[in-house]
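Q: As a plain string of letters, each chain reads:
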Amino acid sequence: MRWLLGKDLLILRRSRLLVGVLVVYPIAIALLIGLAISRAPGKPRVAIVDETPPGQTIRVGSEHVAVSRYADELFSQVQPVHVSSREQAIAGISSGDVLAAVVIPRDIAARISSGVSQGSIEVLYNGNALEQSLVQSQLSSALAQANLGFSEQIQRAAAQAIGLLLTGGSLGVLGAPPNMVGLDQIPPALRAIIAHQPLGAERTQLERIDRFAEFADQNLGLSKDVLSTIGQPIQIKSTLIHGRRTPLNTFAVVVAVSVSLMFVCVLLAAGAVALEREDHTLARLARGALISREGLLVEKLLLAAGCAFVLALAMLAGIGAFVSLDWSRIGQWAIALAFGALAFGALGVAIGALAREVRAASLLAFLLSLPLAFLALVPSGSVSRGLYDAIGAISFVFPFKSALQALDAAVNGASPGLGISVVHLFGLTLVFGALARVGLRRLE
Amino acid sequence: MISVRGLAKRYGEREALREISFDVAPGELVAIVGPNGAGKTTLLSIIAGVAPASEGAVEGPGAGPAIGWAPQQPAVYWKLSVAENLGLFARLEGLADPDAAVARMLEQTGLSERSNERVERLSGGNRQRVNVALGLIADPPALALDEPTSALDPGQRERLWEFVGSLARTGTAVLFSTHHLGEVRSYATRAIVLADGELLFDGSPSELIAAAGGGEQDFERAFVAFLRERGH
Numbered sequence: 001m002r003w004l005l006g007k008d009l010l011i012l013r014r015s016r017l018l019v020g021v022l023v024v025y026p027i028a029i030a031l032l033i034g035l036a037i038s039r040a041p042g043k044p045r046v047a048i049v050d051e052t053p054p055g056q057t058i059r060v061g062s063e064h065v066a067v068s069r070y071a072d073e074l075f076s077q078v079q080p081v082h083v084s085s086r087e088q089a090i091a092g093i094s095s096g097d098v099l100a101a102v103v104i105p106r107d108i109a110a111r112i113s114s115g116v117s118q119g120s121i122e123v124l125y126n127g128n129a130l131e132q133s134l135v136q137s138q139l140s141s142a143l144a145q146a147n148l149g150f151s152e153q154i155q156r157a158a159a160q161a162i163g164l165l166l167t168g169g170s171l172g173v174l175g176a177p178p179n180m181v182g183l184d185q186i187p188p189a190l191r192a193i194i195a196h197q198p199l200g201a202e203r204t205q206l207e208r209i210d211r212f213a214e215f216a217d218q219n220l221g222l223s224k225d226v227l228s229t230i231g232q233p234i235q236i237k238s239t240l241i242h243g244r245r246t247p248l249n250t251f252a253v254v255v256a257v258s259v260s261l262m263f264v265c266v267l268l269a270a271g272a273v274a275l276e277r278e279d280h281t282l283a284r285l286a287r288g289a290l291i292s293r294e295g296l297l298v299e300k301l302l303l304a305a306g307c308a309f310v311l312a313l314a315m316l317a318g319i320g321a322f323v324s325l326d327w328s329r330i331g332q333w334a335i336a337l338a339f340g341a342l343a344f345g346a347l348g349v350a351i352g353a354l355a356r357e358v359r360a361a362s363l364l365a366f367l368l369s370l371p372l373a374f375l376a377l378v379p380s381g382s383v384s385r386g387l388y389d390a391i392g393a394i395s396f397v398f399p400f401k402s403a404l405q406a407l408d409a410a411v412n413g414a415s416p417g418l419g420i421s422v423v424h425l426f427g428l429t430l431v432f433g434a435l436a437r438v439g440l441r442r443l444e
Numbered sequence: 001m002i003s004v005r006g007l008a009k010r011y012g013e014r015e016a017l018r019e020i021s022f023d024v025a026p027g028e029l030v031a032i033v034g035p036n037g038a039g040k041t042t043l044l045s046i047i048a049g050v051a052p053a054s055e056g057a058v059e060g061p062g063a064g065p066a067i068g069w070a071p072q073q074p075a076v077y078w079k080l081s082v083a084e085n086l087g088l089f090a091r092l093e094g095l096a097d098p099d100a101a102v103a104r105m106l107e108q109t110g111l112s113e114r115s116n117e118r119v120e121r122l123s124g125g126n127r128q129r130v131n132v133a134l135g136l137i138a139d140p141p142a143l144a145l146d147e148p149t150s151a152l153d154p155g156q157r158e159r160l161w162e163f164v165g166s167l168a169r170t171g172t173a174v175l176f177s178t179h180h181l182g183e184v185r186s187y188a189t190r191a192i193v194l195a196d197g198e199l200l201f202d203g204s205p206s207e208l209i210a211a212a213g214g215g216e217q218d219f220e221r222a223f224v225a226f227l228r229e230r231g232h
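Protein sequences, first through last, are from chains A and B. Be aware that the first sequence starts at 1, since it is given in this note's numbering, and climbs by one per residue. Be aware that the second sequence starts at 1, since it is given in this note's numbering, and climbs by one per residue.
Think of the hints as simulated: they come from the structure by calculation, not from any bench. Among the clues, some could well be false.
Said to hold, decoys possible - Covered stretches of chain B (chain A as the covering partner; in silico rule of three or more C-beta atoms under 8 Å from a C-beta of chain A):
1. 38 to 50
2. 67 to 73
3. 83 to 91
Keep in mind the model is a prediction, meaning the values are calculated, not measured. A virtual CB, placed ideally from N, CA and C, is assigned to each residue, including glycine.
Bound conformation, chain A alone (with noise of 0.2 Å):
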């Protein structure tokens, strides 16, 4: 077996353009996809504009809200370009420099202020599909974290409002009494003046007023609390159930790395594989004694996988120059690598055995691959239960997955942990190796 794989190395080394597809390929689709993945979308770059008068408020009862406040409060979430018109926002969406454009008109402090219409803001965008519904997502999701913080800003002027009814004092506002008396103030005064009143129709005018006043001071108080529980009625509390949480960004370096692995593997693999039947020599090989069928896809499995793993180590360790990895976990990261290799590169010789000659063997590998790396990755709840259910069964029967599970363990200590994965890794190559066994039963 060890002349042949020095046979196989010798045409690999004589192979530039091969090997250099080889490494490069794999290695600049890993790095596509961990950018990707681990590039969390930027604030979309929106044109504003505000066609408010400055300094414009919105009045909530006696307290003043500034609009700007907004405008603040979107900028927050996006990245703003300020343009003076809607003419120049649409100049600017049509030559790609703003996704979007947001148009505060100039009446919304007035219509906030009536207090029986809502305020408006006009959103201008275009592109395709795909583009609308990511810029529609972004933008909707911007759009309500200012109206968000608007809105408290002004349930907190609401509040401050109905506090001063409650408690009196100075209202601030011009033409407004000073030292006014509370809503709570007034139970207690009137029940004194009450006390001194004989029986009789203004003392029972008294005792009426009494009981609204007490009333009305009771459900102001109330709403005083009502207010702050419809600004955001429902606060999020979340708790990961199992596992420790991978963040992204080393997740991006094991989805890049395990792409890796497999591409090299599973096209280095089945091309060895196929090269010995395209150069008719699998017959010349396998008819004697010189080497089994069994040990002629041992050594192609071998050379695959050690390729692969040598190349998915170096990309890990070169990845983690940037990224902050856990060295003293280099073990399991090798023992994940090398059962992910070899379940990828029996899952090659599979493919390389059945295909019969290079150039289907590898069309074969490539259109078996990328899919299934990408179904993979589809994560639960983002497709309906049932289609989740057949991709993760096309999943169990492919090593992607699996060694997926297997580096994010080492790597990162994800769940499931390292050895669920590894042996169900050494399981698919067992299964794998018998399916390229029966395709090598016939030698021409």
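Once you've looked at the hints, dock chain B against the given chain A.
A: Just chain B now, with coordinates in the frame of chain A:
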């Protein structure tokens, strides 16, 4: 040396070979001829141990894996040099002195000057010589050649047959298939005629001419006449 007994090969319903029996003695140069689809390659593949027989057996010290084999398409590593190919198979065969075996084969096949050239850069004729050399590296008692001259020009064909003839003279039994009937007439000591998987004739080329009526002195015409008389 090689004894073929009751050999049959079926692919589903189709019978590729039917009840084939013959013997090959050391030093014999046996040509297997027949129209396309006659079963020549199938027969040689079974004798060489590449494909299993559906029925019957190939026996004798030169049968199966022990036989040197050169398939129609050169079974060589194109990215390796001539010497590297020979060296690899010499080591896989477990020869005691692989370097000596490589040197011997390079000399026998006249490829010494090309020993460091990669097979992918060789001519079709030289590639076929490497193919035959790989079949002979373990010094087998018998050699099976499947259309060894199909890609060669006349000069290359002649050089190959000189080499194969020299092997037969040293006692190696050689079975070969071919469509070049002139080669059968010139180099074979025996001809086996197959048609539709059936053995129609086993004898010397002269006997084949006689079997065709004896009127034709041209071997190719005699062969065609022989097949026509038997409905092929």
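Q: Each hint should be assessed against the structure and marked as holding or not.
A: Here's how the hints hold up against the structure:
| no. | hint | in the structure |
| --- | --- | --- |
| 1 | 38 to 50 | holds (count 4) |
| 2 | 67 to 73 | holds (count 3) |
| 3 | 83 to 91 | holds (count 4) |
Checked against the numbered hints listed earlier, the structure breaks none of them; every hint is satisfied.
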